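Assemble the whole structure, with the sequences as input and the hints as a guide.
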Amino acid sequence: MDSSEKEDLVNHSLPSSSDHHYHHHHHQQQQQQKSTSNLKGFITMIMSLIWQPFQWLSMLCRELNTSFVLGVLLVYGVSQGFAGSFFRVVTDFYWKDVQKLQPSAVQMFMGFYYIPLIMKPIWGLLTDVFPISGYRRRPYFVIAGMIGAGTSIIIATHEKLSIPAALLCLVGMVAAVAIADVTIDACIARNSIERPELAADMQSLCGFVSSIGALVGYSTSGVFVHKLGPQAALGLMAIPALLLILLGFVIFELKASLHPSEKKNALDKAMVAVKGMGRTVRCAQVWKPSLYMFLSLALSFSTHEGHFYWYTSAKGGPAFSQEFIGIIYAIGAIASIVGVIIYHKFLKEYPFRKLLFYVQILYGVSGMLDLAFVLRLNLRLHLADSLFIIIEECFSRIIGRVRWMPMMVLSTRLCPLGIEGSFFALLMCIDSVGSLLSKIVGALVLHALHVTRTDFDNLWLAVLIRNLLRFGILGLIFLVPDVNQNEVLISEEVVKVHDVGDEEMESLQLVRMEGREQVVEI
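Numbering (the working numbering), first residue to last: 4 to 525.
It is worth saying that the hints were derived from the structure and are not from the lab.
Hints are supplied without guarantee of correctness; some may be wrong.
Unchecked claim - Below are the BS3-like pairs computed for lysine-lysine, each with C-alpha atoms no more than 30 Å apart in a straight line:
id, residue 1, residue 2
1, Lys103, Lys318
2, Lys230, Lys163
3, Lys357, Lys291
4, Lys351, Lys291
5, Lys103, Lys163
6, Lys230, Lys99
7, Lys348, Lys291
8, Lys103, Lys230
9, Lys230, Lys318
10, Lys318, Lys163
11, Lys99, Lys163
12, Lys99, Lys318
13, Lys278, Lys258
14, Lys278, Lys291
All values reported here derive from a predicted model rather than from experimental measurement.
Pasting the structure below:
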């Protein structure tokens with residue numbers, strides 16, 4: 004091989020500078036394409052997560068009727084979620100700073116808030132069998148809105164309102180929410196019977212929009228209390244009430260035909276419904292889980308007012324500001340949304356008994372975090388008060404929501420077809436009585452332990468007793484049916500025997516949706 008041939012061979016075997024540049028450029032292109040592909044995949048995943056709730060809402064609208072979904076958004080999201088959370092924070096400051104009451108007295112007065120909720124079966128019967136001018140639903144939305152708007156304006160504009168008058172106004176605000184709530188609950192109960200596979204989805208929708216509304220209410224409540232004062236801030240409660248009045252005018256409802264014997268027929272139907280509820284509640288598969296839900300609420304008594312006064316006290320407490328109190332509750336509302344998502348994604352297929360058993364254990368553990376905060380154990384761990392209260396609030400709200408959701412699904416599954424509205428209202432009444440007893444017992448415990456506006460030495464003991472009772476409720480778990488959440492709980496005979504006139508169930512739809520006025524059954 005001569006020298007020229009060797010040179011050609013070397014030149015051929017060694018890569019040239021142009022070849023090296025080509026491979027480097029090709030490698031860069033591959034890396035860029037890979038990065039672009041990863042970025043597109045990430046964006047697609049994010050868009051899918053954002054779009055998923057809208058797809059879910061679209062499915063519910065398609066399967067259950069759009070007007071039903073919109074009604075849930077308005078009543079649960081605005082009236083219950085926003086107004087309820089705003090009401091909770093502002094009234095706490097109203098009793099503390101305007102009326103200057105002791106925490107035990109405030110908690111006792113808060114028990115009166117549950118009177119309109121206890122009367123839900125009455126509201127349900129009125130809307131079911133006593134039409135006004137031929138309409139069974141629309142007038143009651145208007146009445147609810149007028150009560151809510153009137154009472155909120157009175158308490159906001161009258162200086163030095165007496166305690167009984169102020170309490171009456173606040174109870175009126177709660178009554179407005181309760182009356183509007185009954186109609187939606189009746190629709191939810193009926194749809195849960197007819198579409199049991201969507202019962203959990205409906206409760207997820209209620210919990211989700213309620214938590215969103217609560218987030219807005221809690222986020223703004225502290226700011227409005229600081230800027231306007233608690234009394235003037237209560238005047239803003241008129242806005243959700245006015246929306247209820249608007250709802251009464253925009254909901255389309257077929258006018259019922261009036262006969263001379265209409266009043267007598269209405270009374271007969273009311274008696275049939277009452278007797279049907281009596282027979283149903285005596286069934287073991289109904290009264291046992293109802294008793295468990297009642298006792299789980301009543302025995303876990305509330306110490307909320309003691310905590311609230313302690314939160315804002317500079318003597319022994321963390322001395323949180325008005326704005327930060329609202330921020331705490333707002334973060335809790337976000338945690339409630341997380342709880343709804345956890346239940347909807349992972350827990351709605353679990354049997355009732357198994358799920359409620361483990362959730363009740365976690366509910367007791369969340370109370371122990373509360374106890375640790377009152378004892379200021381967080382300071383020993385070098386955790387700031389603001390950080391620890393956020394951790395405690397998030398954990399307790401997530402567990403509280405996950406605990407509440409299956410109990411609501413269970414309540415809807417206990418309702419017989421034909422009186423589902425009135426019977427669901429009865430179950431909610433029982434739960435409200437349990438919550439009322441929780442407030443009363445909590446007030447008595449705070450009073451007995453001498454927890455006042457300035458003395459919180461025994462607050463930890465009240466919290467400890469409450470937590471022990473939460474764990475004690477586990478002994479009643481046998482009352483909960485050991486069935487899946489989509490299984491039938493009451494016999495077919497019970498479902499059919501109490502029919503009070505399905506043929507007269509009127510249609511309900513929001514009017515003029517995209518120019519259409521057709522009636523859609525819900």
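Hint-by-hint comparison with the structure:
| no. | hint | verdict |
| --- | --- | --- |
| 1 | Lys103 <-> Lys318 | 17 Å, holds |
| 2 | Lys230 <-> Lys163 | 20 Å, holds |
| 3 | Lys357 <-> Lys291 | 16 Å, holds |
| 4 | Lys351 <-> Lys291 | 21 Å, holds |
| 5 | Lys103 <-> Lys163 | 12 Å, holds |
| 6 | Lys230 <-> Lys99 | 17 Å, holds |
| 7 | Lys348 <-> Lys291 | 28 Å, holds |
| 8 | Lys103 <-> Lys230 | 19 Å, holds |
| 9 | Lys230 <-> Lys318 | 25 Å, holds |
| 10 | Lys318 <-> Lys163 | 28 Å, holds |
| 11 | Lys99 <-> Lys163 | 14 Å, holds |
| 12 | Lys99 <-> Lys318 | 16 Å, holds |
| 13 | Lys278 <-> Lys258 | 27 Å, holds |
| 14 | Lys278 <-> Lys291 | 19 Å, holds |
Hint compliance for this structure: no hint is broken.
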